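Student: Sequence:
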Amino acid sequence: MPVTDNPAIYVIGDIHGCLRPLQRLLGKIEPQPGDEMVFIGDYIDRGPQSREVVEFLLGLPYRCVFLMGNHEKMLLDFLAGDDHGLFLANGGVATLQSYGGDASNIPPAHIRFFHSLRPMYEASGHLFVHAGIRPMVPLDKQKVDDLVWIRQEFFQFVGRFPKPVVFGHTPLRQVLLLPDRIGIDTGCVYGGKLTCLKLPERNIIQVAGWHG
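Taken in order, the sequence shown gives residues 1 to 212; the numbers are from the numbering used here.
Derived from the structure by calculation, the hints contain no laboratory data. These numbers come from a predicted model, not from an experiment. Even for Gly, the Cβ is constructed at its ideal location relative to N, Cα and C. Take these hints with a grain of salt, some might be off.
[Claimed, not checked] Here are the simulated DSS-like pairs of lysine-lysine, each with C-alpha atoms no more than 30 Å apart in a straight line:
(1) Lys-163 with Lys-198
(2) Lys-198 with Lys-143
(3) Lys-141 with Lys-28
(4) Lys-163 with Lys-141
(5) Lys-141 with Lys-198
(6) Lys-163 with Lys-28
[Said to hold, decoys possible] Label pairs and their in silico Cβ distance ranges:
(7) His-211 with Ser-124: 11 to 21 Å
(8) Gly-81 with Gly-27: 16 to 26 Å
(9) Leu-139 with His-211: 37 to 47 Å
(10) Gly-191 with Arg-151: 40 to 50 Å
(11) Asn-203 with Asp-82: 39 to 49 Å
(12) Asp-82 with Pro-107: 19 to 29 Å
(13) Cys-64 with Leu-176: 15 to 25 Å
Kindly produce the complete structure, drawing on both the sequences and the hints.
Tutor: Right, dumping it as structure tokens:
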């Protein structure tokens, strides 16, 4: 199948262990050869199928970019022996349960996946990041903790970022579409929706989220 002349970028919001909504969403998207998939982070925790989500993502045949979310950062800190309470209190128990209740059951391929996640990605005049960026700080000076955790300082910034920032992390009732900020976490794991942003058109594709 030939590569399309005008490849699209599909950006997927926070999945949080919800495999079925992810499968339904990708069924609606039907990416073409040459298109790119950018996943905004938070693949795990809270939802019931973190292991299955990671396994599914690893098997995707598309051009994929996977970003680091705060929940993957917490898992890596947990595996390194740090902040056990923070990970477990923020949905980590569900992730461990999906791996049979023991972190030692996490396959090496999944560990490599978590370590390979990018803190940010730039393409087609957009910046993709899990949580946002600290205003007035150059991109090469941004801290990973800010990129995966920041919220109020990013939202409340009254200036304009030099290029549109596409982010997740903060659950919203509907997609935030501003000239310089696009928020696509629409609360899939909380019974909201799983959202995909298609660029450059800024089209929104959604499916119903998890209803446990």
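Student: Each hint needs a verdict: does it hold in this structure or not?
Tutor: Hints versus structure:
no.	hint	in the structure
1	Lys-163 with Lys-198	17 Å, holds
2	Lys-198 with Lys-143	27 Å, holds
3	Lys-141 with Lys-28	38 Å, violated
4	Lys-163 with Lys-141	16 Å, holds
5	Lys-141 with Lys-198	29 Å, holds
6	Lys-163 with Lys-28	28 Å, holds
7	His-211 with Ser-124: 11 to 21 Å	34 Å, violated
8	Gly-81 with Gly-27: 16 to 26 Å	40 Å, violated
9	Leu-139 with His-211: 37 to 47 Å	38 Å, holds
10	Gly-191 with Arg-151: 40 to 50 Å	21 Å, violated
11	Asn-203 with Asp-82: 39 to 49 Å	40 Å, holds
12	Asp-82 with Pro-107: 19 to 29 Å	22 Å, holds
13	Cys-64 with Leu-176: 15 to 25 Å	24 Å, holds
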